[in-house]
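**Q** Sequence:
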Amino acid sequence: MALTEKEIKRNLQELINAGNLDYRSIIKLTNELSKLDAKFQRFSVDAKTLVHLGRDSIKDHTTALLELVKNSYDADAKIVEVDVLCKKDNDLIRVSDTGFGMTKDELVNLWLRIGFSNKRKSKNSSLGRRKTGEKGIGRISTDRLGAHLELLTKTEKDGIIGLKVNWDEFDTEGKDVFDIEIELINPEFINLPLINGKESKTGTEIRITKLRQVWTKNNIENLYYELSALTPPFRDVEDFQIVLKNDVAPSFSKMVNSDFFKAAEIELTAIYDGKGSDIIYTIIDRYTKKEKTEVIQWKTLLTKIELDGSIDISDDLRCGPITLKLLFFLREAASVQGTDFKLTELREFLDINQGIKIYRDNIAVKPYGFPSSQFGYDWLGLASRKAKDPAGISRGEQSYSVTPNQLIGATYITRDNNIELSDSAAREGLVESVAFYDLRSFILGSINMLESYRVSIYSTIEKTREKKIPTTSKEAEQIKLQLSNVKEGLEYIKEEIATQSLSTSSINISRPIEKSIEQVEGISEKFEKTITELLNWNRVLSGLATMGISSAVFGHETEGSINLFKVATDTAKLFLNESPPDIPNAIIEIDKAIIHSRKVASWGSYALTRVQREKRKKLSINIKAKIIDVIIKELKPAFAVSSIFLESKGESLVSKTYQMDIESILVNLLTNAYTACNQKPGIRKVIVFVGREDKRNQKGYNITVSDTGFGIANEFKNRIFDPLFSTKIIASGESKSIGTGLGLTIVKSIVDELGGEISFDKDPDLKGARFKIWLPKE
134 MALTEKEIKR
144 NLQELINAGN
154 LDYRSIIKLT
164 NELSKLDAKF
174 QRFSVDAKTL
184 VHLGRDSIKD
194 HTTALLELVK
204 NSYDADAKIV
214 EVDVLCKKDN
224 DLIRVSDTGF
234 GMTKDELVNL
244 WLRIGFSNKR
254 KSKNSSLGRR
264 KTGEKGIGRI
274 STDRLGAHLE
284 LLTKTEKDGI
294 IGLKVNWDEF
304 DTEGKDVFDI
314 EIELINPEFI
324 NLPLINGKES
334 KTGTEIRITK
344 LRQVWTKNNI
354 ENLYYELSAL
364 TPPFRDVEDF
374 QIVLKNDVAP
384 SFSKMVNSDF
394 FKAAEIELTA
404 IYDGKGSDII
414 YTIIDRYTKK
424 EKTEVIQWKT
434 LLTKIELDGS
444 IDISDDLRCG
454 PITLKLLFFL
464 REAASVQGTD
474 FKLTELREFL
484 DINQGIKIYR
494 DNIAVKPYGF
504 PSSQFGYDWL
514 GLASRKAKDP
524 AGISRGEQSY
534 SVTPNQLIGA
544 TYITRDNNIE
554 LSDSAAREGL
564 VESVAFYDLR
574 SFILGSINML
584 ESYRVSIYST
594 IEKTREKKIP
604 TTSKEAEQIK
614 LQLSNVKEGL
624 EYIKEEIATQ
634 SLSTSSINIS
644 RPIEKSIEQV
654 EGISEKFEKT
664 ITELLNWNRV
674 LSGLATMGIS
684 SAVFGHETEG
694 SINLFKVATD
704 TAKLFLNESP
714 PDIPNAIIEI
724 DKAIIHSRKV
734 ASWGSYALTR
744 VQREKRKKLS
754 INIKAKIIDV
764 IIKELKPAFA
774 VSSIFLESKG
784 ESLVSKTYQM
794 DIESILVNLL
804 TNAYTACNQK
814 PGIRKVIVFV
824 GREDKRNQKG
834 YNITVSDTGF
844 GIANEFKNRI
854 FDPLFSTKII
864 ASGESKSIGT
874 GLGLTIVKSI
884 VDELGGEISF
894 DKDPDLKGAR
904 FKIWLPKE
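Residue numbers (the numbering used here): 134 to 911.
None of these hints come from the bench; they were simulated from the model.
Be aware that a few hints might be false.
Computed Cβ-Cβ distance ranges for the label pairs, DEER-style [stated by the list, open to error]:
(1) K343 to D449: 29 to 37 Å
(2) Q831 to A524: 37 to 45 Å
(3) D411 to N223: 52 to 60 Å
(4) P897 to I526: 21 to 29 Å
(5) R345 to F173: 18 to 26 Å
Taking lysine to aspartate or glutamate and the EDC-like style, the derived pairs with C-alpha atoms no more than 20 Å apart in a straight line are [to be verified]:
(6) K203 to E239
(7) K203 to E283
(8) K519 to E424
(9) K334 to D238
(10) K706 to D724
(11) K181 to D291
(12) K423 to E400
(13) K751 to E886
(14) K387 to E553
(15) K408 to D549
(16) K408 to E465
(17) K408 to D238
(18) K828 to E886
(19) K905 to E886
Quick reminder that beta carbons are idealized off the backbone N, C-alpha and C, glycines included.
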């Protein structure tokens, strides 16, 4: 039975006069008293509303965690630490920052007030950052991550204070939000990031336990790259760093940043100041390195794109001022030349970061440009445009178009200056108004400008770029990576299904996925076996080609031995046919024949040992003692005939490699050195040196071959590795080539396959050519 107004007042008075105030009962009676107001009534809030606002309305756990990092950015944090620990006995998500923290008054009256945001009153932080989000519900995104929340915060005024929330208590039907108590705490310690090695005077630490979802490797990978997009990739934000730590994918436990933008082919900047119809474009490419600036009218820009007939066209842009930056990449080896990146790393980076994002007040607006988003990745329709006309760049600007996975872009807007670009009700995306479509047309027109520019410099690109043929092993790695990505994608879907509540339909989906994973594994194993066999066969062919090249050069020595063998045997036969037989002289000639036959046999043995099966296996071997010294011993007699002094120097070192590859490199370089020395009179020397050298934190070694020849002529330096190009001429000095033009091509191909480097210059001591090969030890 409901209490009367008089009874409620009496009970309230008793509670207020009590020594220990029962705040919960006071609030409950006060609410009951307000219901007796005859003129006005008030909404009451069911506790489960917070569950709907937090756990149910936020798309996924990655988005929820991003909301917390955004709050750190708004709090002028210089450093944010994000920990995701959920393996073994770990059960923690932690976000700690060096922001301005909260006083007790702010914690109680602002943070605990759902829906309130002081960002409406103060749109910019003290550091000049434009605060993000205005709905004041980011704090309850913690419910999407885990059941238990512990928030600690530190200010110079109030020191360290905090609170604890059990979100599961709100997941009850019929319970009023005021009935749930939030415990206030006064901890002695708070774990904030260090600033220049010193403890931060202010900041906030959020600790979430009883996690609601298992984090997979794909989740962490997506989190890392979405965190990297929180601040604009084209501007150096030196006062905001994010450090990610996790126990799921350790390779992503690091500071969130990226330097891959240095590999861009073309950078375009487009600026509209919000007034009139002029748009300013600036374009620069990595080849000409000349900045080109152009002004274009809005309506002229519109003529360059296909417009939907239903879209209204205006004289000026209705979206407000815009700054757009586009980076265009080639997904091939040319893009990483002159950088420290590997092609596989660049492609992986593009696969994750591709797309044109929108940044409002320097914070990304999802889902635009996010590869992981079904609707946001290609929101400009670039893929369908390319599918309609897949012509390449050689067809000209009327046909050529880029693909979405070649672009990374950022469109900068602000909440204050782009009022017409408003949030959708779902808190993800913008309302598709005329202003939005003007923004979209602006970006598409700018992409068209980039495409036209690339066509205009195409001939320059072809002349400037060094064309490199991808090695077989690198192409194989790419295919293996693609198969691996398919497998990881299937496993990710399987994990996502497993984390949801099981049902008959989810089990039915999971079974074919498991079967597909097994098929991919089978294909991957067969592919790897086939590639291994092909690479071994390629290794044999390189060895045989090397043997053929060296035979062509040293063949006259063998031919001479065969001729002398025949002469000696014929002479011995004549001595034996005399009457009486001249046995002593016959023996002398037979001994000569034996010596010459041994030379022929030695060369045959040398040739056959070049392609032995064990030399095709990757094994640990002493490079100098077991390869270099052995080959020099075998070739020394041939060099000596031409009065060429051949020796090896350096240190003994062990490397895990393919012996046949090292022998092919060395024999080809020695063959070239032999020919070079024979072309120049005077002292003739060839020195082979081996020594340790580490590069980019990778252990390795050098093999250097130097000679006393004429060296490499300047006009040939850009061509010596080209197939079939040779500088060797016949002894008479005519211009006819006698070289195969394959030796250095084979050397470079092997070096590339082994992940090494090759260079050449003039030897400072011998004055001839010096070829330097660097190879990794493993």
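**Q** Each hint needs a verdict: does it hold in this structure or not?
**A** Here is what the structure says about each hint:
Separation of K343 from D449 is about 54 Å and departs from the stated range, judged on CB atoms against 29 to 37 Å. Between Q831 and A524 the C-beta distance comes to about 42 Å, which sits within the given range of 37 to 45 Å. Here the CB-CB span from D411 to N223 is close to 56 Å, well matched to the stated 52 to 60 Å. Between P897 and I526 the beta carbon distance is about 45 Å. The supplied range of 21 to 29 Å is therefore violated.
Evaluation of the 18 to 26 Å hint for R345 and F173 yields a failure: the beta carbon distance comes to about 40 Å. Between K203 and E239 the CA atoms are separated by roughly 18 Å; this keeps the pair inside 20 Å, and the hint holds. For the hint pairing K203 with E283, the CA-to-CA distance comes to about 18 Å; that is within 20 Å, so the pair holds. For the hint linking K519 to E424, the alpha-carbon distance of about 28 Å lies beyond 20 Å, and the restraint is violated.
Proximity of K334 to D238 is assessed by CA-CA distance (about 18 Å); at most 20 Å being required, the pair is judged to hold. Annotation: proposed proximity of K706 to D724 holds, straight-line Cα distance about 13 Å (limit 20 Å). Note on K181 and D291: the hinted pairing is violated, with a Cα-Cα distance of about 32 Å set against a maximum of 20 Å. Between K423 and E400, the direct Cα distance comes to roughly 11 Å. Compliance with the 20 Å bound is thereby established for this hinted pair.
A hinted pair counts as satisfied when its Cα atoms are at most 20 Å apart, and K751 with E886 qualifies at roughly 13 Å. At most 20 Å may separate the alpha-carbon atoms for a hinted pair to count; K387 and E553 exceed this at roughly 38 Å. Proximity of K408 to D549 is assessed by CA-CA distance (about 15 Å); at most 20 Å being required, the pair is judged to hold. In summary, the hint linking K408 to E465 is not supported, as the alpha carbons are separated by about 41 Å, beyond the 20 Å threshold.
The hinted pair formed by K408 and D238 fails the criterion: a straight-line CA distance of about 44 Å is larger than 20 Å. Taking the CA atoms of K828 and E886, the gap is near 17 Å; set against the 20 Å cutoff, the hint holds. Annotation: proposed proximity of K905 to E886 holds, straight-line Cα distance about 16 Å (limit 20 Å).
The structure fails to meet hints 1, 4, 5, 8, 11, 14, 16, 17 from the earlier list, while all remaining hints are met.
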